[in-house]
Amino acid sequence: MTELAQAVVNGLQMGFLYALVAVGLTIIWGLMEMINFAHGEFLMLGMFGAWWLSAGFHLDPLLAIVPIALAMYLFGMLVYQQLMRRVQGGDPFTQIFATIGLLFLLQNAVVAGFTSDYRFVNDTFLQKLGGVRLTLLGVTFAVPLLLAAGLALLLFLALYLLIERTEFGLALQATSEDRDAARLVGIRPQRMFAVAWGVGAALVAIAGAILVNFFSVYPQVGLQFTVLAYAIVALGGFGSILGTLLAALLVGVIQSVTVVYLPPAFKDAFVFASYLLIGLFRPQGLFGRF
Amino acid sequence: MARLALVLGTLAAILYPIPLQIQGTTYYQTVGFLVLITAMLGVGWNVIGGWAGQFDFGPQVFFGVGAYTAALLYVKLGVEAWLGLLAGVAAAAVICAVLTYPLTRLRGHYFAISTVAIWMIAQPIGATWEYIGAAQGLFIPMKAHAGIVGSAVALQFSGPTKALGYYYSALVLFALTVALMAWVERSKLGFYFRAIRDDQEAAESIGIDSRLYKVLARSITAGVFAAGGVLYAFWALSVFPEQVLELNWSTLPIMATVVGGIGRLWGPLLGAVILIPISQIMSTTLGTGPLAGRGIDLIVYGLIIVVIAAFRPTGLLSLPWARWFGRRRPAAA
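Quick note, the sequences are listed as chains L and U, same order.
Heads up: the first sequence is residues 1 to 290, going by my numbering.
Heads up: the second sequence is residues 1 to 333, going by my numbering.
Extracted from the complex, chain L is given alone in its bound form (with noise of 0.2 Å):
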């Protein structure tokens, strides 16, 4: 029983990270309806930014946030203005393909820079509070996820209150609903969609300095990140903020208990199976509108 209790407790820590990863999917993929498969090498860039950031010049990762995301919301701008404008009015093919060619590209551009070897950053504030634990009732909690659980939480209300509780958000939202109609307002689409892609790329950015506190770095780690943003993002609705987060607990989870009962290579498989399972009851996902 405390296994099990343990093993949702772990997978609820873990849930946070991943709708970190899969809340900058959102907004581009679910709310914009614009398809984005380099979204894992956004993340790997974020990451790779974080581990050069801490072995060239000792910055924190936590503190590399801000530069990161700085950085990658103007290459999310600069991505969406040089390329994905000219595919958006055409076939979605259209876009999958550009953005498969980008992850190609960002992939391989980071292999050719910096090899394939794995690279770890040390010594980071969160690695530091690593043997901090806390016990309730038998289910232990570990520091560092408990902090970046909660770094993503606050990220995650932010977000939502920009896009459902701000003019910005409206906008936003009445640019994804109908973009001609958005325009009759005064609304510059164009401008909404570059915006959208900044912020989901500095999103993903974000996650990914949080995530090289626990894992390694390499140019292919956006994959294993990727598939279940994508199953996560289906699952929770398209647009739906909320739906997002709680769909990143409950494969968090999943994942864990899984792994309890299971082998661990059939930790993702139970995720997309509960994928395929709720899809067929509900294909538009749990919280999903349309």
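A couple of the hints might just be wrong.
As the list claims (entries may be wrong) - Among the chain L residues that face chain U by a calculated CB cut under 8 Å, a handful are:
1) LEU63
2) ARG86
3) GLY89
4) ASP91
5) THR94
6) PHE97
7) LEU102
8) ASN108
9) ALA109
10) THR115
11) PHE272
12) ALA273
13) TYR275
14) LEU276
15) ILE278
It is worth saying that the hints were derived from the structure and are not from the lab.
Quantities reported herein were computed from a predicted structural model and do not represent experimental measurements.
Ideal Cβ placement from N, Cα and C applies to all residues, glycine included.
Guided by the hints, dock chain U onto chain L, whose structure is given.
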């Protein structure tokens, strides 16, 4: 004019390895084998992706199903490769139909994710199922064959004719695939597929059962991937999960299809002829130098795909070849 291009292309494909073989080189035959297998898978993917318009990211599952079926039949029952190929194609088509029918409730992005989901579930099954060798996989033992004919019947070539033998086997399978798909494209089936892609509601309103035809389209794709898997398994003399369930078995054919022209019968071949040699040339020219193994070929792939998507999303075959080259060069449509 298009017929002339077909005849010349066929002749070139049949004849080019012969002087190389006499000279004693086998490298370019292997490159040709990889080009053809990629093109063949691309032609198969065109059915679900190009004609039926459903984004399928998990056809490599059926590449694996085909490879495993034929290898199991060969290792456990001694069934010859070509019979195993038929069995593999049938198994993949049936398994695909059963798995895909429920998925067709999902549309667009959700369907795409669900094909990835099937792949994610297939991987640990392949890696842990003892009967099919788990992570170790299956090894396909070579048997002695009487001459070229014996080798061709068993789909097992060795020694200096290995590359040539598999090249021609791939050519035969590719030709069969293209012929079949050309027939599908012009049949009622092909029109139904494209009707669903262009407007699913309209297609349903004239009585096309969209779910049934999506399943059919994906099963055809699965069958082609299974055939490719069998060929690859006998070439590699082994089947194991990390090899046959690799993501490249879907990304490379899909990229070839996009570069050549999505939804066009000959698009995947053009794409494969451009893409696969790039990677091969890169790995030979870079050798063991400082840039070897740094993914330079994949950077070039990425650039090509990005440029095509941004400027000519309908692919290279959709360029106005006829207008540029007039009657001297046929339109490759």
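Does L:LEU63 pass the interface check with chain U, least Cβ-Cβ distance below 8 Å? violated, 31 Å
Does the nearest C-beta of chain U fall within a distance shorter than 8 Å of the C-beta of L:PHE97? holds, 4 Å
May I ask you to test the interface hint for L:ALA273 with respect to chain U, counting a Cβ-Cβ separation under 8 Å as satisfied? It holds, given that the least Cβ distance between L:ALA273 and chain U is near 6 Å, below 8 Å.
Would the hint on L:LEU102 be counted as holding, given a Cβ-Cβ threshold of 8 Å to chain U? holds, 6 Å
Return the status of the interface hint for L:ARG86: holds when the least beta-carbon distance to chain U is below 8 Å, violated otherwise. Result: holds, 5 Å to nearest chain U Cβ.
When the least beta-carbon distance from L:THR115 to chain U is tested against 8 Å, hint result: holds, 7 Å
Restraint check, 8 Å cut-off on beta carbons, for L:PHE272 near chain U: Given a least distance of 4 Å, the restraint on L:PHE272 holds.
Using the nearest Cβ pair, does L:ILE278 come within less than 8 Å of chain U? Violated, about 11 Å.
Does L:TYR275 meet its interface restraint, that is, does its C-beta lie within less than 8 Å of any C-beta in chain U? holds, 5 Å
Does L:ALA109 hold up as a contact with chain U if the rule is Cβ-Cβ below 8 Å? For L:ALA109, the interface hint holds, since the closest Cβ of chain U sits about 6 Å away, which is under 8 Å.
Closest C-beta approach of L:GLY89 to chain U relative to 8 Å, hint status: violated, 10 Å
For the hint on L:LEU276, does the least C-beta distance to chain U fall short of 8 Å? holds, 5 Å
In terms of the numbered hints stated before, the structure departs from hints 1, 3, 15, listed from lowest to highest.
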